[in-house]
Amino acid sequence: MTELPLATAHSIIYVLDMIGVFACTVAATVLAKRCNMDMFGAWIVSLIGSVGGGTLRDLLLNRHPIFWLHDLNYLYVILLVSTLVQIFYHTVERLDRAMRWFDALGLAAFTVIGVQAAVSFHMSPPIVMLMGAFTAMIGGVLRDIICQQIPLVFQKEIYTTASVLGSAYYLLLLHWGVSEWLNSLSTLVLIFSIRMLAVYRGWNLPNLTLPKKP
Amino acid sequence: MTELPLATAHSIIYVLDMIGVFACTVAATVLAKRCNMDMFGAWIVSLIGSVGGGTLRDLLLNRHPIFWLHDLNYLYVILLVSTLVQIFYHTVERLDRAMRWFDALGLAAFTVIGVQAAVSFHMSPPIVMLMGAFTAMIGGVLRDIICQQIPLVFQKEIYTTASVLGSAYYLLLLHWGVSEWLNSLSTLVLIFSIRMLAVYRGWNLPNLTLPKKP
Amino acid sequence: MTELPLATAHSIIYVLDMIGVFACTVAATVLAKRCNMDMFGAWIVSLIGSVGGGTLRDLLLNRHPIFWLHDLNYLYVILLVSTLVQIFYHTVERLDRAMRWFDALGLAAFTVIGVQAAVSFHMSPPIVMLMGAFTAMIGGVLRDIICQQIPLVFQKEIYTTASVLGSAYYLLLLHWGVSEWLNSLSTLVLIFSIRMLAVYRGWNLPNLTLPKKP
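Residue numbers (this note's numbering), protein chains in the order written: chain B, 1 to 214; chain F, 1 to 214; chain Y, 1 to 214.
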């Protein structure tokens with residue numbers, strides 16, 4: 001099997017990371033407009049919604065500098081995309097369906113990046129899976145809290161589940177010594193697939209609660 | 001007076017800490033179910049509600065690694081208890097009264113742990129008291145915010161007050177050179193007693209506001 | 001031109017910083033009373049509203065110790081002012097207009113302090129401007145979230161804008177080699193002026209959104 005250079009795998013993850021930032025920014029800006037926020041409000045909520053999860057992960061792991069403080073591409077993508085979404089708001093609002101594809105790409109990329117960061121800090125498997133999930137979902141949670149909504153990801157759909165299953169798969173392949181590029185990319189595909197299947201099949205988590213006794 | 005080994009005092013505090021985590025997890029899971037959260041949502045809210053206060057304390061003090069990243073017992077207790085509460089939700093919902101005892105034990109344990117952490121980082125007395133209170137109450141505040149409630153601890157009952165009085169007592173005994181095990185355990189008893197008395201006597205803080213002039 | 005000692009400029013900024021803390025505490029306490037919080041609740045919300053922005057900035061920059069852990073004046077001013085506002089609540093409630101002057105002074109001081117902190121950590125210009133804005137506004141955002149309000153600063157008025165314009169001006173003068181005391185003080189005046197003009201002229205940001213097609 002020919003070795004794909006690790007650098008190429010990293011480039012692919014970086015591009016998908018930016019797609020995730022793009023998706024988070026669109027979602028955050030649409031929500032901000034619905035809450036009657038102004039230009040700066042939409043920018044800040046987009047920033048929090050896009051990099052909030054990774055920031056919490058870096059703070060918890062004591063991983064400095066925080067990634068977006070030194071790589072300004074995050075900030076530029078967020079400002080540009082949020083501004084465009086504000087201008088073409090009435091058009092973007094109707095693209096809800098298309099956004100789910102980008103959102104699922106972001107979920108996959110954010111999880112892999114979070115998992116890699118936690119692994120490089122020698123965290124135990126349960127914490128690695130948690131850091132992957134945090135990276136992928138805390139931004140959306142903060143965004144929903146600011147806009148006075150009970151966080152969407154806590155209420156329905158296989159979202160965190162896809163992230164956690166992907167992290168477990170990544171750790172398993174890492175344990176088996178599979179090369180990193182293959183591991184990262186197949187994890188990306190797995191998370192994306194689970195998420196999109198869940199969306200189109202309407203999968204939900206089972207409710208654990210026993211029925212009330214009569 | 002026979003010296004109780006410090007290790008024993010630490011074990012007692014650790015057990016009470018887990019009881020606090022247990023109480024926080026039950027409260028958070030019940031609230032999460034009321035907000036129609038799914039399994040993962042309830043787990044994450046339980047995690048935030050249980051270790052959120054200690055995490056903020058550790059971040060502020062720059063005390064790494066964050067305690068629950070390396071001691072996985074916290075995560076395991078939270079996942080186990082939250083899952084059980086979700087299954088037996090209709091039964092647990094009726095045990096509100098019993099929970100107050102566990103909750104008060106948690107308040108006491110969390111405060112003592114927060115105070116000890118701040119003292120070991122050479123903080124001044126006002127900051128030590130604040131760190132004790134933060135450890136005990138910020139988790140509940142974050143939990144309430146996520147579930148769209150004005151934080152309960154800010155609105156009524158002698159809760160933070162019990163924590164702060166206990167911290168002041170701890171610092172006084174520390175200043176007088178009382179041995180740590182006796183100091184810790186008597187502080188635990190004091191906070192627990194104040195809290196339970198407040199619950200059963202319906203104590204509230206006085207309202208400072210002067211009446212409106214006619 | 002006679003050199004104003006840098007120490008004097010720092011003293012002026014420190015005094016204005018405390019005025020900002022004063023303004024934030026008054027605003028937070030009034031909001032806390034409206035949410036039926038008790039004494040401790042009002043104190044904690046005042047603390048979060050006053051130093052929350054600077055704390056997030058310090059955590060992001062990994063700048064320890066967090067400023068208010070070692071300079072207890074912040075805590076004392078907050079406790080004192082919040083207690084007084086609680087006592088004289090019905091009088092303070094009517095002073096809404098006067099508060100805007102203090103609030104604008106705080107906005108200016110918080111921004112300059114945040115900008116100086118980020119510059120001393122060698123951050124790039126966009127991050128410096130963001131840190132100035134975060135320092136000035138995140139406290140108010142957290143306060144509004146706790147009290148179940150969509151953050152005011154995200155919704156209207158030239159608030160963050162004044163902060164960002166001031167930061168850009170500061171960076172420009174820094175680049176030109178203007179001495180720090182002159183730079184800091186003129187930035188303070190600029191931010192304060194923009195904010196007060198915005199308040200009295202009713203300036204708002206333009207809405208970027210294109211009109212809906214018929």
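No lab work stands behind these hints, which were simulated from the structure alone. Among the clues, some could well be false.
Where chains are identical, the list cannot tell them apart; a pair therefore holds if satisfied intra-copy or between any two copies.
Stated by the list, open to error - Below, simulated DMTMM-like cross-link-like pairs (lysine to aspartate or glutamate); rule was C-alpha separation at most 20 angstroms, straight line: (1) LYS213 x ASP96; (2) LYS212 x GLU93; (3) LYS213 x ASP71; (4) LYS212 x GLU180; (5) LYS212 x ASP96; (6) LYS212 x GLU157; (7) LYS213 x GLU93; (8) LYS213 x GLU180; (9) LYS213 x GLU157; (10) LYS212 x ASP71.
None of these values were measured; they are calculated from a predicted model.
Quick rundown of the hints versus the structure:
For the identical chains of this complex, LYS213 and ASP96 are inter-copy neighbours only, at 18 angstroms across copies versus 41 angstroms inside a copy, given an alpha-carbon limit of 20 angstroms. Taking the shortest alpha-carbon separations for LYS212 and GLU93, only the inter-copy value of 11 angstroms comes in at or below 20 angstroms, while the best intra-copy value is 41 angstroms. In this assembly of identical chains, the alpha carbons of LYS213 and ASP71 never lie at most 20 angstroms apart, being 56 angstroms within a copy and 38 angstroms across copies at closest. Within a single copy, LYS212 and GLU180 get their C-alpha atoms no closer than 48 angstroms, and across copies no closer than 48 angstroms, so neither meets the 20 angstroms cut-off.
Taking the shortest Cα distances, LYS212 and ASP96 sit within 20 angstroms of each other only across copies (17 angstroms), while inside one copy they are farther apart (37 angstroms). In the homo-oligomer, the alpha carbons of LYS212 and GLU157 never lie at most 20 angstroms apart, since the shortest distance is 24 angstroms inside one protomer and 32 angstroms across protomers. When the C-alpha separation of LYS213 and GLU93 is checked against a cutoff of 20 angstroms, the pair qualifies only between copies, where the shortest distance is 13 angstroms, while the shortest distance within a copy is 45 angstroms. Taking the shortest alpha-carbon separations for LYS213 and GLU180, neither the intra-copy value of 51 angstroms nor the inter-copy value of 49 angstroms comes in at or below 20 angstroms.
Taking the shortest Cα distances, LYS213 and GLU157 never come within 20 angstroms of each other, neither inside one copy (28 angstroms) nor across copies (34 angstroms). Taking identical chains as interchangeable, the C-alpha atoms of LYS212 and ASP71 are never at most 20 angstroms apart, the minima being 53 angstroms within one chain and 36 angstroms between chains.
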